[in-house]
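Go by the hints and put chain F onto chain L.
As a plain string of letters, each chain reads:
Number of protein chains: 2
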Amino acid sequence: MNLRQIGEDELLRKIAPHLPLNRFVLSGAGDDCAVARFAAGDDLLLLKTDCVVEGIHFTPRAKARDVGWKAMARPLSDFAAVSGLPEFALVTLIAPATTALRWTTDLYRGLEKAARAFDVAIVGGETSRTDGPVALSVSVAGRVEKHRWVSRSGGKAGDELFVTGRLGGSIRGKHLRFIPRIHESRWLTKHFRIHAMIDLSDGLGADLPRLASASKRGFEIDEASLPRTRGCTIWQAISDGEDYELLFATSPQDAGNLQTKWHRKFPQLPLTRIGRFHQPSTINHQHLRAGYVHFK
Amino acid sequence: MNLRQIGEDELLRKIAPHLPLNRFVLSGAGDDCAVARFAAGDDLLLLKTDCVVEGIHFTPRAKARDVGWKAMARPLSDFAAVSGLPEFALVTLIAPATTALRWTTDLYRGLEKAARAFDVAIVGGETSRTDGPVALSVSVAGRVEKHRWVSRSGGKAGDELFVTGRLGGSIRGKHLRFIPRIHESRWLTKHFRIHAMIDLSDGLGADLPRLASASKRGFEIDEASLPRTRGCTIWQAISDGEDYELLFATSPQDAGNLQTKWHRKFPQLPLTRIGRFHQPSTINHQHLRAGYVHFK
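Taken in order, these protein sequences are the chains called L and F.
The numbering of the first sequence is the numbering used here, which starts it at 59 and goes up by one.
The numbering of the second sequence is the numbering used here, which starts it at 59 and goes up by one.
Bound conformation, chain L alone (with noise of 0.2 Å):
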């Protein structure tokens, strides 16, 4: 059974009912528009868009539950950047009318694992037809309180710059499956003032310059200090991307005690001091912009 034989509607009738929901919606996929709640008070909306598209960021022989639980967790990832809580999933599926049925549901059982570790509920969607490959876009709705929103551009002269995790070789399977650190940034906001952060989603030799840049700071890296993946060089672990891993930076002060207590409460998750902020200069970090670009 494919898609073409199923059909639009009946489609959307047989996945419908195991989306994941949550308290706040009212309204979820079949009706023109989503509707739910979202009693902010002072909290901030979030919106944040991200997709894979087959031979670029899976193989044809990825299985559909990985491909669709990374189609997920990408822009989670993105939320636990901002130290945000995502609350609400779209889910567009462009693929060939010739796609496999039991891929399909295989697939959504991936988005909807994805949604379900983080309460994220998916809201609705969109099917159409290509002649290309599988193309998948996931967008995310959700909140963060004023005072704990963490954007690119805070860094400051002097801070340390931290990364969870290890980088490096994501190739081989972390790529499909890696974790969004969302419950490791809700927990640095709450308990320590991250002046700027980033997921590395393109590699730190891309993503850090990126942070430096919207920050307007200069940096330096110890690279013999970068936490690597079993196995890979410091070159792979600067250039490979799609870590999911945070980079942010805080202030010195803070740098201590933040390693110590972030020890205690993720005693299986590395946390690195790779290296610091300084007053914007023209040493030339070209060298880092090793990470991944699009249309490159």
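Watch out, some of these pointers could steer you wrong.
[To be verified] The following label-pair restraints were derived from C-beta to C-beta distances:
#	chain 1	residue 1	chain 2	residue 2	range
1	F	Gln337	L	His205	43 to 49 Å
2	L	Lys121	F	Gln326	50 to 56 Å
3	F	Gly99	L	Gly314	56 to 62 Å
4	F	Gly65	L	Gln311	37 to 43 Å
Derived from the structure by calculation, the hints contain no laboratory data.
Source: prediction; values computed, not measured.
Backbone N, C-alpha and C fix where the C-beta goes; we use that ideal spot for every residue, glycine too.
What follows is chain F alone, placed relative to chain L:
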């Protein structure tokens, strides 16, 4: 110059300064999540995503500006269907690396024009390569006052059914350049009780059964009364699809007054009574099921 030559970051630098914003946006394209104020009071959060795919929703010969307009206007039409106010949009562009930069900037001009027409801010997005046809996914967030939210499911037996505009023949050009009926929809719920509403994207033949089924009603249509685009047959008016007009149900008590006031307010846009809801029945409406169904 094509997308491979310019790269993702540079493309963003070219496009981002032109993106429309509005007074609610705190952080638009460029950070990990878009951030906006959503001082809701009793308002509800609305979310919708829609996509256009080359070869399905537009031909390679379509003007890039029209494609951009359509990609934005499609989800806005869904906001009209629930009588909501769209506020923030996210745009995902999936395109071959060989796509011309000029085509891409024209595409964004079309997106921006449609957004500005309804005071929608474009707050972020995503670009990815593909080896297949161009696909453009647009997600929109916005709001509706609790008492003005219209779903598909509120239709009552005896309700009169109305459509705006004229049906059929949109392939000749309207499918690319239609106006989302947001102003009309907002006016309707300001002055009348609209029981159920939908926008006609797949054609009356597909969308009326959806509205009736959500409202658990049977329906009868006076086919001769259907407002047809010049040169279109009744069959085309029922089955062509992509009209993006509103179909709604309201009580017979309101119907006459509504039509009088409508013609005074929107003298250029026909409003036509095309039939009514009745109790659910076993009458077979299969002959109306003629609209566009994806993957078929």
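Here is how each hint holds up against the structure:
1. F:Gln337 <-> L:His205: 43 to 49 Å: Since Gln337 of chain F and His205 of chain L have Cβ atoms about 55 Å apart, the given range 43 to 49 Å is violated.
2. L:Lys121 <-> F:Gln326: 50 to 56 Å: holds (54 Å)
3. F:Gly99 <-> L:Gly314: 56 to 62 Å: violated (45 Å)
4. F:Gly65 <-> L:Gln311: 37 to 43 Å: holds (38 Å)
In summary, the structure is inconsistent with hints 1 and 3 from the numbered list given earlier, while agreeing with the others.
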